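Could you build all of it, start to finish, from the sequences and the hints given here?
Chains as they are written, first to last, in this note's numbering: chain A, 1410 to 1888; chain B, 2 to 269; chain C, 771 to 1020.
Calculated from the structure, these hints are not laboratory results.
Note that the coordinates shown come from a computational prediction; the quantities given were computed from them, not determined experimentally.
Even glycine gets a Cβ: it sits at the ideal position worked out from N, Cα and C.
Nothing false has been slipped in among the hints.
With a straight-line cut-off of 30 Å between C-alpha atoms, the simulated DSSO-like cross-links for lysine-lysine are:
# : chain 1 : residue 1 : chain 2 : residue 2
1 : B       : Lys196    : A       : Lys1673
2 : C       : Lys1000   : C       : Lys935
3 : A       : Lys1753   : B       : Lys207
4 : A       : Lys1877   : B       : Lys207
5 : B       : Lys207    : A       : Lys1806
6 : A       : Lys1753   : B       : Lys196
Some, not all, of what chain C presents toward chain B, calculated at C-beta under 10 Å:
#  : residue
7  : Ala818
8  : Lys822
9  : Glu843
10 : Ala846
11 : Leu850
12 : Tyr856
13 : Asn867
14 : Met869
15 : Ala872
16 : Asn874
17 : Ala911
18 : Val912
19 : Asn913
20 : Leu932
Residue strings, one per chain:
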Amino acid sequence: MAEKDKELLDNIDNEYKYGFTTDIETDTIARGLSEDVIRLISAKKEEPEWMLERRLKAFRHWQTMKLPTWAHLDIPEIDFQDIIYYAAPKQRKEGTMDDIDPELKRTFDKLGIPLEEQLSLAGFAVDAVMDSVSVKTTFRETLAEKGIIFCSISEAIREYPDLVKKYLGSVVPHTDNFYAALNAAVFSDGSFCYIPKGVRCPMELSTYFRINAEGTGQFERTLLVADEGAYVSYLEGCTAPRRDENQLHAAVVEIIVEKDAEVKYSTVQNWYPGDKDGKGGIYNFVTKRGLCREGAHLSWTQVETGSAITWKYPSCVLLGDNSVGEFYSVAMTNNYQQADTGTKMIHIGRNTRSRIVSKGISAGRSQNAYRGLVRVAKGADNARNYSQCDSLLIGDKCGAHTFPEIDSHNPTAVLEHEATTSKISEEQLFYCNQRGLSTEDAVGLIVNGYAREVIAKLPMEFAVEAQKLLAISLEGSVG
Amino acid sequence: MKLLDYLQSRGLRANTGMCTLGDGQAWEIIVNPRSVERTVRGRLSLIVVHNQEDAARMHFDLTAGASLNMIELFAADCAVECNIHQQAESDCRVVSVSVAGSTANYTIDLDGTQAANHMRAAYIAGGKEHTTVALRVNHNVSDCQSDSLVKGVAGGNAVGEFRGLVYVAQDAQRTDARQTNRNIEIGADAKIITKPQLEIYADDVKCSHGATVGQLDGDAIMYMRQRGLSLEQARRMQIEGFVSDIVLHAGEIGEILAEELTSKLERL
Amino acid sequence: MLSVKNLHASVGDKEILRGINLEVRPGEVHAIMGPNGSGKSTFASVLAGNEKFTVTSGSVEFMGQNLLDLSIEDRARMGLFLGFQYPVEIPGVTMANFMKMAVNEQRKFRGEDPLTAGEFLRLMREKSAVVELDSKLTSRAVNEGFSGGEKKKNEIFQMAMLDPKLAVLDETDSGLDIDALRIVATGVTKLHTSENATIVITHYQRLLDYIVPDYVHVLYKGQIIYSGDKSLALKLEKEGYDWLINQQEK
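Rendered as structure tokens:
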């Protein structure tokens, strides 16, 4: 494996290689946020009245809310009136390949996400989202044969209103937090996925998010429902052009895992992180949460290397008896990046189990915090949690922080939390140097080894990608 | 025997005084302080008993090379803030035991290199008590060491809370810091809250923390009952065993602290 | 002394003991053997009163009393000792404190005065010699950090301290090297009198070289399917259980 790592490290291009911009005609609306803007977004998406009502209700609530300040983040003031809330590449209606602008196709090809089914990575179905709209969802027919619905959320609102009405906002209500409320008001696109009872999804489902237009915010909304006994593995990836301005990505992801169903949700987050001096980069404020019914199993895996600021806590509400929640995370920050990320495991059902493995890596002048909550409700007999939160520091100008909370209201709970903070030892580096590795390669190897437990949870193709990303993100961190 | 009775048997006549204990050492005793400000030079052995519902503030400055050995008992629902500033090569050892719904808030500042802080705390909370141990250890300079172990037992409707933070400043290289919090919940309505936090700005550090919440070990109870102990005896013995490594650090006074804890258990 | 009649026991929905019959008289040594999962350890646990198992039918009489009506500790105080296959670690509780409480509880049960500190220490010293137990172990926490051999010796030491009427030794030989096995087995033999009885549960004949049984029983699927004298153990060692099981299945 070491040789493979080395190979990967040798082959990487050390720049943020997704920083290009696609020159395409874009339909954008004016900057600013008001009820009229929300009506306009809803109209552009040809939404039914009930959806508009929900958006307006969320917007009115959002106006009463204050920005959260509890995270270990230094967030510059965001002018919410200076953001473009809708930007769509101009194209004819979603549909056949022929209708997609060749420029868009080229963009996704360049990102390694071919939109033609015959060229795609074996076993992957993709929903490609640029700015505020879904450009193309592949393999829909193949999936439909099994009764699986995989499409953009905009389309789902039009085509499957009953499912959307039932589940949208059921796990993350618009009242949940500031950014969730904002998202509920202005969300643009994202994926919708429904796996029927007892169906094992034959492909990996994935959504690729791309920000392209200048001055815009992206408000991803994703809803995944695994009905009784169903199984799905879902992945998301994200990139954005290199720009001096900060752009906002405020997403909400909701997952419903019905009785005995299983969902694996993996993220490789590689938004533009800003330059070496901390200029530019995406502000990534994300609310992700899943609800587990009896015997359900939800596993979050994330590799976070991008974004100027990350504020993200994929969580599990273990409502049903015998349900299981997992969170595996690698968060790497360099230069002036800031990350405050972790999870919440809320044990409500009996015999619920959860496991948290978090690996933070801080380099440069970055700040990297793990924040977690494990709560055991009064009726959650025999709840079990194990948490392991490790931090690795590279250089003496960065920070690594751990803010866990355990809250147990049931005397049969067994909860364990362990955390360590360390740096790469001189001995390890010396050993690698002696075997002929440069210090930079050695650090890359050691970091990949440190993150392996989490990366191993990703599907193979993503695991390779994640290893490369870690190495790229480390660039310039070893002096 | 209660700690206060014991100290009186050793000659304590007022709320403050000196006692020579079995170890031949002179211990300073303070009962129910409101405010303590003290600069410690050389060596100070101190026993503080909080025996009435009140608020207190204590402040200790340990000069270079000084050592403070403090045993603190919370026998009443009181709120105590204790700040300890340590200069180079100073050494501070605290054993803190609570048998009431007290709030003990310790802030340790390690301001001189090679200062060491060693904290051991245990509490048993019952009834409707809310017992809190808050411990912030600031590693402000390099080459200091801190090690803390806090053990809590919550029964009845009680809440046991631990708020821990190890802060390591950017210049505090070669910090060695450990913080551990272990808890046992024994009542169906008891609650445990624990926040063991790390905030670290230096890279050459060895820092770790751990927290556990659990219950009495059913296999151990079965084992003890098989040897003829009653269920109650087995439970009590296990809890006594659980807190024993805290009071162990209080030398001769440790046995008396153990008795304070045991008698609290009987009242649960 | 012990009379087990048609004992059935289960854990959850699963029946593990399916009608055990066994008579043990003072002075006797019984060995219970059988393949893995036959219910040997469950039988020991049920005799001791482990609450994980539910007795669904049958009776057990011990020293003239209905054993199944008694709490775990009262069974122990009456003189039933279980040597655990996996002795439990009890952090922070010293061996000395633990044993003192156990011995005095037994004395109280019999209407005797508790031992003074001096008497107790003498007893500890005398009994730890039986199994060559390092006296330092008695000042350590119960089983904590003990090696496998030390844990098993410690079980026999406690047996010596409590002087039971009936000792049930559950796989006491497992995980022991040959020296430790000899010490443990010799200890058990030394403690054996015409007044007390021992049930040895084991996989291997080698323990029975030291502790010579009067009866050997084979447990299979929760029942004693065959009983014999000590030669049966040798035959099982050589030929395994298959011939017996085949005979049973027919």
